[in-house]
Each structure stands twice: as C-alpha cells, then as structure tokens.
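Model the full structure from these sequences, guided by the hints.
Protein chains in written order, with the working numbering: chain A, 1 to 81; chain B, 1 to 426.
Hints were generated in silico from the structure; no laboratory data involved.
We put the CB at the ideal spot given by N, CA and C, even for glycine.
Some clues are possibly wrong.
Unchecked claim - Pair ranges (Cβ atoms, derived):
1) A:T50 - B:K235: 24 to 32 Å
2) A:L6 - B:D38: 38 to 46 Å
3) B:P256 - A:V54: 41 to 49 Å
4) B:E101 - A:L6: 47 to 55 Å
5) B:A154 - A:V79: 36 to 44 Å
6) A:H32 - B:P277: 22 to 30 Å
7) B:I37 - A:P16: 31 to 39 Å
8) A:P16 - B:D166: 22 to 30 Å
9) B:D38 - A:V26: 56 to 64 Å
10) A:P23 - B:G391: 27 to 35 Å
11) A:F52 - B:N329: 29 to 37 Å
Stated by the list, open to error - Straight line, CA to CA, 27 Å or less: simulated DSS-like cross-link-like pairs of lysine-lysine:
12) A:K17 - B:K388
13) B:K406 - B:K226
14) B:K226 - A:K17
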Amino acid sequence: MKINPLLVSSIQSAMPKPMADTPISVESHLLHDLGIDSLSMMNLTLALETNFGVSLTTHIEALAKCQTVAALSTLIDNVTT
Amino acid sequence: MIRELSFGELRMHLLHHMGGGTTQGALNQRIFGHIDIDKFRQVLGKVIELNAPLQYVIRKEQGRYGFFYGDKHFNVDDFLIINEKSNSPETWDKKLVFENESLLDSASQLWRISIDTYPSGYAFWDITLVMHHALMDAAGSEYLLGEIFNGLYANQSGEPLHRQNDMTSMETNALTKCEWDQFAQIQSSVADHVTGLKLMHHLCSAPLLLRRNCVQFFKLGKSETKQLSLFAADKDVSVNSLISALLLNAVSQHSPSRDQFALYSAISMRTFCPDVPDKGLGCYLNVMPTFHTIKLNNLEGICDLAKDHKVQTQKAFLEVGRWVPTTYNTKHVEQMIKGATESNQFKNDVGFTYAETDDTERNYRVLHKYVIARRNIGNVALILHGLKENGEIFFTLTHVEPIQSKEWAFAVKQTFMEELDSLCSA
Chain A
1 MKINPLLVSS IQSAMPKPMA DTPISVESHL LHDLGIDSLS MMNLTLALET
51 NFGVSLTTHI EALAKCQTVA ALSTLIDNVT T
Chain B
1 MIRELSFGEL RMHLLHHMGG GTTQGALNQR IFGHIDIDKF RQVLGKVIEL
51 NAPLQYVIRK EQGRYGFFYG DKHFNVDDFL IINEKSNSPE TWDKKLVFEN
101 ESLLDSASQL WRISIDTYPS GYAFWDITLV MHHALMDAAG SEYLLGEIFN
151 GLYANQSGEP LHRQNDMTSM ETNALTKCEW DQFAQIQSSV ADHVTGLKLM
201 HHLCSAPLLL RRNCVQFFKL GKSETKQLSL FAADKDVSVN SLISALLLNA
251 VSQHSPSRDQ FALYSAISMR TFCPDVPDKG LGCYLNVMPT FHTIKLNNLE
301 GICDLAKDHK VQTQKAFLEV GRWVPTTYNT KHVEQMIKGA TESNQFKNDV
351 GFTYAETDDT ERNYRVLHKY VIARRNIGNV ALILHGLKEN GEIFFTLTHV
401 EPIQSKEWAF AVKQTFMEEL DSLCSA
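Laid out in structure tokens, this is it:
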C-alpha cells in the first residue's frame, strides 16, 4: 500500500520534534511509533484539512479510532472521494 | 505604546482588571540545595535585560489598552522579594496563597518573584513566581524560571541565556482566524449548548466580592505516575484525558442529582501559531468546553469517559477552540467580560489544566511544583491544575466558597485520589 505524500507531510507536520526523523510506514502506530497524542492529533487534523481541502469536524469519531497510518489513509480516501 | 493588546491578552487583562485579579497566577517551586542570593540577583538582572516583555506594563490610552515599558523596568529589586530564614518551610502553601492574593498593579509591573530561604539544616529553598496572565501560560512561566535556573547553575550546564525582544500576538499568527461576528456566533452556540444541558445551578449565588478561592495541594508519586502512564497507553488515551475522566467521575459521585457536566479545558495555541516559539513569554491559551454524561462510576466507566474526552476535545477544538477573532474592538471584549463579572450564578462547572515539563537532564532538583490561579468569576467553579515534573504530578484543586463547601471539595479530592490509586494498581 502506497501512502499519499500529502498524508505523509500532514503527519510529519504534526509529529513532535524529537520524533521528526522517524520513518513513516503504513503499519506505523500514530501514538506509539510516531508520538501523535491527543494534542498533536489536533495539529494533524488541521494539517489534513488544509492539505486535502476538506472539513473533518463531522469525522472526529472515526478519526479518533484511527490507530495506524493505514487506518488514517483509508479514512482520508473515504472522505475525499 | 509598544503595541496594542491582542484579543487573548485583552481578555486576560480585562478579567484581571474587572474581576479583582481573576487571571493572576502564581507558581511555587521548592529547589534542593542552597541558593546564592547575590548570584540570583545578578542572573535575574540579566534575564530582565534580555527579555523585553519582562519590562512591560499595561496601560490604557485613548480607549486602547497596550503594552508600555514600565518606569522601573531594569531594577531587579522592584521585582524581587527575599525572605531570608524568616519562615517555617511547612507554610509554603499559605505563602503561595498569600502571594496570589496580593494583586499585581498592572500599570506598574506584570510579575514578581519571592525567594524564601530556611535556616541551616533545611537543604532546600523556595521560589514563588506571580504573573499577570497576559505574560504567562504554562510555557511562559516555565521559560522564565528555566532561564533563571540556567543562569544560576550556568557553571554546570553552560547553556546560554535566551533573548526575547517582543511577544508576537496570537491572532497575527494563528492558523485559524475568524471575524468577530463568527466568533460571537460560536460562543453563542456554546452558551446555548450549556443551557440545553439543564445543569442545576449551584446551591448559592454570591456577589463577586464575597467569593473566596480555597485550595488543596496533593501529589502523585513517581511509581504511581508511571503506572498511570502505562495504563493510559494501554487504553490508547492520553494521561490528560484519563485525569479529566477521573475528575469528572469524582465530581459526579458527589453530585447525585446530576449526570451531565461541562468541563472547561485550557489548550495551548502555541503549536497552532507557526511563528510563536514553543517556549517563551506570552499567553497563547484558549479555553474550550466539552460536555460529558457520566454513565458508570467504575473502572470501565472511567476508561470510556477518557476515550469520550479524547473525541470531544478534538471536536471542541475544531468547532470552538481553534478560532481566534481578528476583527474586534475593546468594547466587544469589555461587554463580554462585563457579563461575566456581573453574573452571580455559576451554571457550570469543572475546569482542568495539565502541563508536562521537559524530561531533559537538569542541574537542579525540583522537590515540588504547585500552581494556583484565582477563579472567582467566569464559568468554572472547581478547577484542577496538574503539573508533571520529574516523574511526579503535582495537583492543585481550587474551589470557590461559598458557592461550593469545603466538605464537598474535600470529598471530591478524596474520591479522585482513591480512584487514581485503584487505577494505578489495576
């Protein structure tokens, strides 16, 4: 599974600075591998809205359930198509 | 005038000005070892010199509130109080409350520090920082104390002091700005939501001048904090959400006629303002409510509540918390604050702030670290501040008498700690 570069840059912009060089793969766990906690998840949501030009306000429950990059990728695909 | 106050700063200042120091905050740290007072004075002078915002005061000119340089902006002794060997170390809590009750005159100075040293035999000293909220959020106070400690222990760390020439405003930098009308509409929707919850009013209303802030200090030790973090990770929630759920659960258990609560959380907007540094003087806070229904008073219920808190927080941030108004005038904000100061009914409810310090190695040891703020107006009647430092979490629980009784607040704290203990051993 190939990750959309816009998704990668959105995730990178939200990752805490000490994790900045961590490689991102589809299997990466957002919290445990990439350090995206509830605060940086807000950052990620803003980045996704900006980069994909969508509103995610009505998808927060689904977004909160995404634990991996793969799950997030699927959600964004669903929202944008 | 250096610059006009931004919306966030103006809101904080008017709350302070109209509400009798409502947004003043104070922080007390107990530091291991002995202090060299002369060196401290020297370092503080350097830190003031390097950080222009420490020299600011707030004044109103021609209807506009702004930052100005104060008359005494370079004199260390105007900002520093030294109490040498004069107090008992057991009374630090009373000292912190006293310092916070001694209101800053914002036209004259926006912060001050007091140092308490103790007779030989006590291997620690106390520092208490009092700040106007226009200069301070968690990162702001952390920055100032960090700079002082860097200078004080410079021989060991060698880290140079930083310079801050100004404070950029939140609305200049925020990623999500809005017009005043949109902001007012969002705030109005939140108020409607609160009304829709049909929350019970608290048992008594009290004029502003009769309200007293009362506090309890307590802490969570290193091993319990570690257990709590592991438990949170296992449940895929943040420590912040877990503690919020524990607080709501404790309040719920002592509010038998209610099952719905509003929780007001402070969020730092620094990360959403690209040109605002992670650490530095200034206040980049926003407060947003989340709404919660308590279903089960057990471990499973608390975990569900923590997960719900995570989702609700995210949602509240997108709908409410992220919006920073840019087209406002002083009258708009004065009207908003006047409504709060004239209100003598608390419709709700509970507040929570949580901040973690860096885990970087330090050359000094913090034995305790407690924060306090005046909360006698606004829509929060009970607030819990949690500060994580060196693997421990230091809590301050503030309630407002006579709106809430001492017995009630004590019972809430007891339940909170009991649930926390049982969760740490789960």
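So, going through the hints one by one against the coordinates:
Our hint of 24 to 32 Å for A:T50 and B:K235 holds, since their Cβ atoms are close to 30 Å apart. Remark: the range hint 38 to 46 Å for A:L6 to B:D38 is contradicted by a beta-carbon distance near 57 Å. Between B:P256 and A:V54 the beta carbons are some 44 Å apart, a value that agrees with the proposed interval 41 to 49 Å. At about 52 Å, the CB distance of B:E101 to A:L6 agrees with the hint of 47 to 55 Å.
For B:A154 paired with A:V79, a C-beta distance near 52 Å fails the hint of 36 to 44 Å. With their beta carbons about 28 Å apart, A:H32 and B:P277 fall inside the hinted range of 22 to 30 Å. At about 38 Å, the CB distance of B:I37 to A:P16 agrees with the hint of 31 to 39 Å. Here the CB-CB span from A:P16 to B:D166 is close to 26 Å, well matched to the stated 22 to 30 Å.
Between B:D38 and A:V26, the C-beta spacing of about 59 Å keeps the proposed range 56 to 64 Å intact. At about 29 Å, the CB distance of A:P23 to B:G391 agrees with the hint of 27 to 35 Å. Checked against the hint of 29 to 37 Å, the pair A:F52 and B:N329 passes, with Cβ atoms roughly 36 Å apart. As the CA atoms of A:K17 and B:K388 are separated by approximately 20 Å, the hinted pair is consistent with the 27 Å bound.
Restraint check for B:K406 and B:K226: not satisfied, since their Cα atoms lie roughly 31 Å apart, outside the 27 Å limit. With a CA separation close to 23 Å, the supplied pair B:K226 and A:K17 stays within the 27 Å bound.
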